[in-house]
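If you read the protein sequences in the order shown, they are chains A and B. The first sequence maps to residues 1 to 150 in the working numbering. The second sequence maps to residues 1001 to 1221 in the working numbering.
Careful, some of the hints might be misleading.
[Claimed, not checked] Just so you have them, the derived chain A footprint on chain B, three or more residues with Cβ under 8 Å: (1) 1018–1029; (2) 1125–1137.
[What the hints assert, rightly or not] Below, computed lysine to any residue pairings styled on SDA-like, alpha-carbon distance capped at 25 Å: (3) K1081/B with V1021/B; (4) K1133/B with G84/A; (5) K1133/B with K13/A; (6) K1133/B with P34/A; (7) K1081/B with F135/A; (8) K1133/B with F135/A; (9) K1133/B with H29/A; (10) K1133/B with L88/A; (11) K1133/B with L100/A; (12) K1133/B with L114/A; (13) K1133/B with Y138/A; (14) K1133/B with D101/A; (15) K1084/B with V1021/B; (16) K1133/B with H110/A; (17) K1133/B with G33/A; (18) K1133/B with A99/A; (19) K1133/B with L50/A; (20) K13/A with E1129/B; (21) K1084/B with L1100/B; (22) K1133/B with H102/A; (23) K1081/B with A1018/B; (24) K13/A with G1063/B; (25) K1133/B with D104/A; (26) K1133/B with D1151/B; (27) K1081/B with L1100/B; (28) K1081/B with L1027/B; (29) K1133/B with H107/A; (30) K13/A with L1070/B; (31) K1081/B with Y138/A; (32) K1133/B with D96/A; (33) K1081/B with R1026/B; (34) K1133/B with P105/A; (35) K1084/B with G84/A; (36) K13/A with A1058/B.
Just so you know, the hints here were simulated from the structure itself, not pulled from any lab data. A virtual CB, placed ideally from N, CA and C, is assigned to each residue, including glycine.
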Amino acid sequence: MMSSNPVFRVTTKILFAPIILYGLYVQFHGDFGPGGGFQAGVIVAAAFILYGLVFGMVALRRLAPPRIVAVFMAIGVLIYGGVGVVSLLNGGNYLDYNALDHHDPAHGQHLGILLVELGVGVTVTSVMMILFFAFAGYGDPKADEDGGQG
Amino acid sequence: MTSVMINIFLVTLMVVIAVMVVRTRRLFAVIVMSGAYSLISAAMFVNLDAVDVAFTEAAVGAGISTVLLLAAMARLPAEEKPLKTNVIGPLAVVAIVGILLVTAVVDLPAFGSADAPAHIHVAPRYLAESDAKLHIPNVVTTVLASYRGFDTLGETIVIFAAGLGVILLLAGKTKTPLPVDPKTKPKASPAVARTKTSSTAKKSRQSSAKAKKSAKKGASS
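Chain B extracted, bound-state conformation (with noise of 0.2 Å):
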């Protein structure tokens, strides 16, 4: 009863953030509360007794997507643009689907039910043999690492794809616009990786001052 209570509690406040988020126009604030959002789903994933994906979700979900998301930040304006587009037909689409997830969550088996397909069809398996066969205590890991080992080659080569991906994006287009000149290069390419608004005119000005200290920092040392 009070696990439910608990979950209530968190869903909650799970369904204010995300509308303080859809509501909030300023950026800064806008990524603090998806970073709190986060936490509370990890909380919810240890009242559910899912502490392998909690941990995931406090570390991945609220601690460094929230530290990235800043430092994009910090190439856009504070501000999002309010929207100027017509919202009733995407909230249409958006309300029939919601109402037929929750028709079909009805449909799902009850919560922790023992007879549900999910634990009737290879996971008894993997109970009985993960720490009785294989002495590994830790039934999560045996099947992420074992069991389901290709999977988990998938997804560490789509983890390795995005890296690629972003330094092909990223590192390749500051590459090319640069003058040679590297007495110039300080001055010049902050400004031509940002787009030339008057918020971040002030910025770039900072951060170019800040360059021209770390280069020579780096030219004594």
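So that you can see chain A by itself, here it is in the shape it has in the complex (with noise of 0.2 Å):
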């Protein structure tokens, strides 16, 4: 998994924050262009998976541990779940994101979908890195010593 090419090493630590924020611009310009929340959890999550094949897993393991990492994949299903609890006790139906500002509808809709798209994001990101963990790390001993998530 480790690669000692220094080529290697100096592109991925140029591309990493790129990527990243390649990412975020898909995550939050889905409303105009194509993209969202599952294409952008992809692209984010490649960009820490480029970042395991090159400095190896353990390095890739102290940048997100997978007992966090496995933490966010709950928080994401949670933000979408939340977005509909609130459209409800705003007095609308389940995920309506009309409800989410009375005076603006076209606002709740922007600020609803914005919420919803992060969630699915971060869902899609956490899944993507704890299956990169699962099958990389897989009888790895250093996996059993975080905890066994990878």
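Combine both chains into one complex, guided by the hints.
Laid out in structure tokens, this is it:
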């Protein structure tokens, strides 16, 4: 998994931040262009997977501990479901974003879609990373010391 | 016309790759070819103006799943075992179903037809409302997150459940059979986790050396 090739290491270090930035662009620009939570989640996860491929699973576990990533998996679903609960509390139907802003329903829709896509993005990112931890780190003794999530 | 020509070219490429995937026994080649297959289908989606789907296909199909399959392949022998069962029965079933599907295509509405049932039910409302009332130009996002919010919630939960399943299956298995002594752990675990065929034995020796190195690194930092 680990690569000592300087070309890979330097390229990864240069590309890591722009890939995540691009992921965020796809995430929050989904209203206006192609993209959204699913695609953004995969792109952000790809940055971490690239890091893991080049610098090794131990470095990736230090950067993104599987235990915390697994928690984010649930947080994404909770954000999505939470938006529905908030719209219920505001007097609308479940996931009725018009209820999020009584004065301007269009603004409520914007807010709802943004939050829901964020939830999707968080879940997809963390599930993709968990899959990588599970497949690439399977049988790796270090995974057990971390709590066995890898 | 050019669009149709491009589609014919892409579909031909996909068929060629599919046949090659079936014929090849080397798993590495199969995985790389299925990545190429995904990339070509992404190109086809772009050609059909479905950029959101193309985006997903390129990112998931050609990107992540290729990496995940390669990671999984590292635990397997390099070659698929040759098939010993009789293929005539399954082949007949596949051929019959294929012929039925192709016959069904004739009954479908023409590609891009405005009178297709999918385009006359709720789609006109979505198209009219999304930009004018909600000020969201990308209708795909409005349908996905707002009009079809429940479906997407379900999809997100399915992905979440898949992650949970993988944690339960793969993380639970490595934990139980391992010895407790941390000194013997790096040596023992790769051998336990893998089948001891001759080709993988070499690999497990290499990776146990790697694991030792990484364990040392972890201890020193």
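Numbers of the earlier hints that this structure fails to satisfy, in rising order
Going through the list in order, the structure violates hints 1, 5, 8, 13, 19, 20, 21, 27, 35 and respects the others.
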